[in-house]
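As you go down the protein sequences, you meet chains P, E, B and G in turn. Using our numbering, read the first sequence as starting at 99 and increasing by one per residue. Using our numbering, read the second sequence as starting at 99 and increasing by one per residue. Using our numbering, read the third sequence as starting at 99 and increasing by one per residue. Using our numbering, read the fourth sequence as starting at 99 and increasing by one per residue.
Fair warning: there could be bad hints in the mix.
Derived DSS-like pairs (lysine-lysine); straight-line CA-CA distance at most 27 Å [stated by the list, open to error]:
| id | chain 1 | residue 1 | chain 2 | residue 2 |
| --- | --- | --- | --- | --- |
| 1 | B | 260 | G | 260 |
| 2 | G | 415 | G | 260 |
| 3 | P | 260 | E | 145 |
| 4 | E | 260 | E | 415 |
| 5 | P | 415 | P | 145 |
| 6 | G | 145 | G | 420 |
Calculated from the model, a selection of chain P residues having no Cβ within reach of chain B, i.e. all distances over 12 Å [what the hints assert, rightly or not]:
| id | residue |
| --- | --- |
| 7 | 108 |
| 8 | 245 |
| 9 | 285 |
| 10 | 297 |
| 11 | 364 |
| 12 | 403 |
| 13 | 416 |
In case anyone wonders, no lab produced these hints; they're calculated from the structure. A virtual CB, placed ideally from N, CA and C, is assigned to each residue, including glycine.
So the chains spell out like this:
There are 4 protein chains.
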Amino acid sequence: MSYNSFGHLFRVTTWGESHGPAIGCVVDGCPPRLALTEADIQPFLDKRRPGQSAFTTQRKEPDAVRILSGVFEGQTTGTPISLLIENTDQRSRDYGDIAQTYRPGHADLTYDLKYGIRDYRGGGRSSARETACRVAAGAIARRVLGESVRIRGALVQLGPHKIDRTRWDWAEVERNAFFCPDAQSVPVWEEYLAAIRKDGLSIGAVIELVAENVPAGLGAPIYGKLDSDLAAALMSINAVKGVEIGDGFASAALTGVENADPLRMDGSGHIAFGANHAGGILGGISSGQPIVARFAVKPTSSMLTPVPSVTRDGQEKDVITKGRHDPCVGIRAVPVGEAMMACVLADHLLRHRGQVG
Amino acid sequence: MSYNSFGHLFRVTTWGESHGPAIGCVVDGCPPRLALTEADIQPFLDKRRPGQSAFTTQRKEPDAVRILSGVFEGQTTGTPISLLIENTDQRSRDYGDIAQTYRPGHADLTYDLKYGIRDYRGGGRSSARETACRVAAGAIARRVLGESVRIRGALVQLGPHKIDRTRWDWAEVERNAFFCPDAQSVPVWEEYLAAIRKDGLSIGAVIELVAENVPAGLGAPIYGKLDSDLAAALMSINAVKGVEIGDGFASAALTGVENADPLRMDGSGHIAFGANHAGGILGGISSGQPIVARFAVKPTSSMLTPVPSVTRDGQEKDVITKGRHDPCVGIRAVPVGEAMMACVLADHLLRHRGQVG
Amino acid sequence: MSYNSFGHLFRVTTWGESHGPAIGCVVDGCPPRLALTEADIQPFLDKRRPGQSAFTTQRKEPDAVRILSGVFEGQTTGTPISLLIENTDQRSRDYGDIAQTYRPGHADLTYDLKYGIRDYRGGGRSSARETACRVAAGAIARRVLGESVRIRGALVQLGPHKIDRTRWDWAEVERNAFFCPDAQSVPVWEEYLAAIRKDGLSIGAVIELVAENVPAGLGAPIYGKLDSDLAAALMSINAVKGVEIGDGFASAALTGVENADPLRMDGSGHIAFGANHAGGILGGISSGQPIVARFAVKPTSSMLTPVPSVTRDGQEKDVITKGRHDPCVGIRAVPVGEAMMACVLADHLLRHRGQVG
Amino acid sequence: MSYNSFGHLFRVTTWGESHGPAIGCVVDGCPPRLALTEADIQPFLDKRRPGQSAFTTQRKEPDAVRILSGVFEGQTTGTPISLLIENTDQRSRDYGDIAQTYRPGHADLTYDLKYGIRDYRGGGRSSARETACRVAAGAIARRVLGESVRIRGALVQLGPHKIDRTRWDWAEVERNAFFCPDAQSVPVWEEYLAAIRKDGLSIGAVIELVAENVPAGLGAPIYGKLDSDLAAALMSINAVKGVEIGDGFASAALTGVENADPLRMDGSGHIAFGANHAGGILGGISSGQPIVARFAVKPTSSMLTPVPSVTRDGQEKDVITKGRHDPCVGIRAVPVGEAMMACVLADHLLRHRGQVG
């Protein structure tokens, strides 16, 4: 029941603070004889890496991953895979003046209330820097799932601006700095986010994840449901405040007929679906349809606009966070969400194989 | 990693099928010397019990709970508490004609795809009848949390009809069949739901849960976050498609300033908050503010309107579900949601005490 | 991390007290589509059942098991299997006079020190009656393992009297009241144990377990080793004070050459072993050889001979336990040990399949 | 259920191979605000370190530990503590000639049977080098337990030579290369082990562990028993073939009277024991008496004497292991056993506090 682990048969344990010497993770339970080198992991880290556009933090971290164990002659051995990423650009001085003041919206206060310790170095353990480890683990999870399973994410809402879903184009996601699937939304978002940043503000976002070709039968009733595990995995990402599967909250307003996914036989003797309101999961078990999940990310709490706060010794004091921050942390949450979905699916693939064979 | 258990130090394992001889659960890890009798559990079961209004299933189940172990002379002993509820009104004949056809939106198909078994008796394990066990466990969890912690739920949206939050009255929740906190919404909902039922349809809903006086410090980074565990617990309830904490999905459209919960000192030397957009959880740890969660329930898939489906042997066939069903399962999900929140909080109370003392 | 559960993919949770209304267990994670009825479980319970010879307690319990869930039309469904055994002969009066006095060697004192509760009814949760649930679960585990895997146990030492291993005959185990594989030891043990009982004493024993045809590859480094899990499982049985694998403690006195299990090729292209000092496990993983484990059971602490003790309120008082007790609890531990080995192997079979396929 | 983790609230995950770049571990769940630096851990590693006497392997490893996370300004923060130890003397060439041949008694064959991978570099993951991580974790566990709890180990049998327990002197343990508590056994063992090594042989040993001042109440029925967890922890150490608590296997030959630990009141109102046959644990729960455990270590399988074996491609071939090996791995198992006992006790201390407060 480790606090810093998730998964059961494919199990990930992460460690490390934003401004310590390094961060890393241990991936345990990975099947043996999968081809794996650092080069299989690095591209996913690069996608999440800060400092790549004007719209993310300017902290410069190469995020170069090293495999310290569990791989021999280019193949996984079945033993724990230890991954290490050094912190190279940890300017602790950036945080000196907020060392004694709680940043509203951050975990500063609650960590101190819980542990009685104030690790003021960039949020310490609560920093989103930890998500690099998730992305690295997710790259291994994709190996477990195999080539046929495709997991992709996209930003579908930036602040008040939602995409037009009829213009969805996965290829476009690769072409802009927002992971936005709607080319016409990109200039709108650019202008909007530039203004937000100029005003010393920040903004929230919604990310959508789609996993295709997931085998039917993954997930297990009642407390090992696939959607239950996905919800936990996505809600554990920094700044996430909501998770939904398929039609999600919109389904509350639907009638049973509007929400129905009718079944029929396709031409070749297989069962097909007339719709996917369920998001590919029924009774906690994958149906073979695409698995669709969305999660909402709140606006970055760190910003240049002052917010009333208090100091550790009980004085009232406004807080401005001058560090290098993303005006919209939702953008870099896209590869993180993909990775979490990959890890959950890999775990359930192994669990299903364990019970059912 | 039991599939049918949740929680770590306060751990609940449920078992049983809708139309088997009984359902039940085992609550392990409960602290000793808490006063507990069946009478402490029964009122919560009665709240969830079917057949109490025209708006829920007419299946008649007394849902009388028996304590088989873990309690001696009216006190918990620290050993596992086994609870048993007999099924008395299991009319399997109701389901005879859908034994060979998959009910769209139900878990029939996915259970069969996963296990190769079709337990057609009212959904078998996937029936919402299982949630009675959660409610029973939740009553014990409330004992662990103590009198001061108050956990309440309410229906805040029925189909397209949302409550007016300015009229929120907890006392009203006890007075109507919907657990609705807005007296003026009640007649609207009555009329609407009567029409839905008459039309052979069903409808979704949104439930809000509020836990007050929860101690600060519960929850643990990174994969034991309180909100992450709440999300999993609520998403595991039948028919739930979305979960949010605090402002949830709405926070995606907010700026950092709009979403900020400013801190200040109250008159008596304690830290106070100027708002609760966060829903009482920061960095996965409770802040001492009320914990606020919402979850969306899809419309009941069982209804009298036919939906295209297929049989086990690959024939296309429309399905009408004639059994006794709730036109809106969201209503009876209110006490279930409360129970899940109680169980998660009790577990985290013990976990926090374990690590931090 | 439930206190009353063991196993991971094949997971057993037991509940119930010696003198409560019933005891039972929940077996979660069992693969679907295995044939299972009460008749598959009852014979194993009958083997452990008290009152069958002059050498075990005279408590009369039919130990009739009921399957309450997880089986449909004679097949496992993949959902949790709930088993219930009623207590019918719970004469609480037998224990009235020791309600306030700790029985030395029993868990009375430590349960009270831990929980602050004294459940004096026959040991409550700490009674060996709980082992009936293990035996029932073990019967299901054997189904998971399949017909080819054979798990058998025998008593190899009763007090100071060890069997002559050259006379080992598995058929003899079925023919005597001691599960003794050495026909010539039986009359010696009968005479010895009759004297022990007549003298108001009790005596310890050693049980040996052998599992044949276990596939190679079960068990996982480093903390999921098969021998590590077997040690935990056997040590968790009431009154067990030691566990060994293969040559066990004797191997401490051996040289590497004496302890070696040489490898060679058998005629048909398979690897064969020249000996089995290792007891079928190398590096925590099964080798394909028979798995051999032994465990030592201390003498029953309940006996008619007085032992100095103290009362709950701090008075010194000699204790005589007049209840119905086994003079050698090791005898009935044989089917319990077999069951625990079956459960551990079934769990590892599923775990191995999960990771390696 | 991670394969490479143990413990629940105090949870240790280890990773790394004998001849990879590094080994390490992650300690999760450690309470906050405990003073901790590398200097608190290093002395325990030094005790286990190879190359310190003529009786252990001549591999030279400084085993310098680095803390990478979880400690801030000299105090634990409550977040995961990552420890890293570099491998500096990994002469892979030593193993080149056994790359294709299975070393009898080692895990070479079973790892290959399980994973289909042959990591021939000094045993890879199965090497006893992994135990350095346990020792490091054990040093942190001692911090959790506090100064008052004292955990010590000693070698009580080397091959056929047992110590004379009447001469037991803990101070002597620190003075010789065997962790032997009996000064008169030391020269006997020196002579014996020198001969064993000269003959190209190896030998087994028995280690005894004693934990004093452990609070009563640690451990939990039924499958969280303290002795059950100790058995698993000790059996998981490389080459261990047996574990016993208190009188262990000897108790099988005792009558109930001989085995009884009578209770009495000491002068100051506390309960005292007249003996400690039970080894400080009753019903799986600590009684407040010293906890006594022993474990048997088989002779090193690596030795200069040839043993018949087979190659990966099915050829018969004798194996001589020329690497740098301990003639008696039991010696260096002493600090490893102490560490495992410390980790188990720390975990149970937190678990007990969680449930009972």
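Checked hints:
1. 260/B / 260/G: 23 Å, holds
2. 415/G / 260/G: Judged against 27 Å, a Cα distance of about 36 Å means the pair is violated.
3. 260/P / 145/E: Given pair residue 260/P, residue 145/E is violated - Cα atoms ~40 Å apart, limit 27 Å.
4. 260/E / 415/E: 36 Å, violated
5. 415/P / 145/P: 37 Å, violated
6. 145/G / 420/G: Holds, at roughly 25 Å.
7. 108: Given that some Cβ of chain B is not farther than 12 Å from that of residue 108/P, nearest at about 9 Å, it is violated.
8. 245: The claim stands: residue 245/P keeps its Cβ more than 12 Å from every Cβ of chain B (closest is about 16 Å).
9. 285: Correct as stated: the minimum Cβ-Cβ distance to chain B is 48 Å, above 12 Å.
10. 297: 49 Å, holds
11. 364: 26 Å, holds
12. 403: For residue 403/P, whose nearest Cβ neighbour in chain B is about 44 Å away, the distance exceeds 12 Å, so it holds.
13. 416: 44 Å, holds
Of the hints listed earlier, those the structure fails to meet are numbers 2, 3, 4, 5, 7, in rising order.
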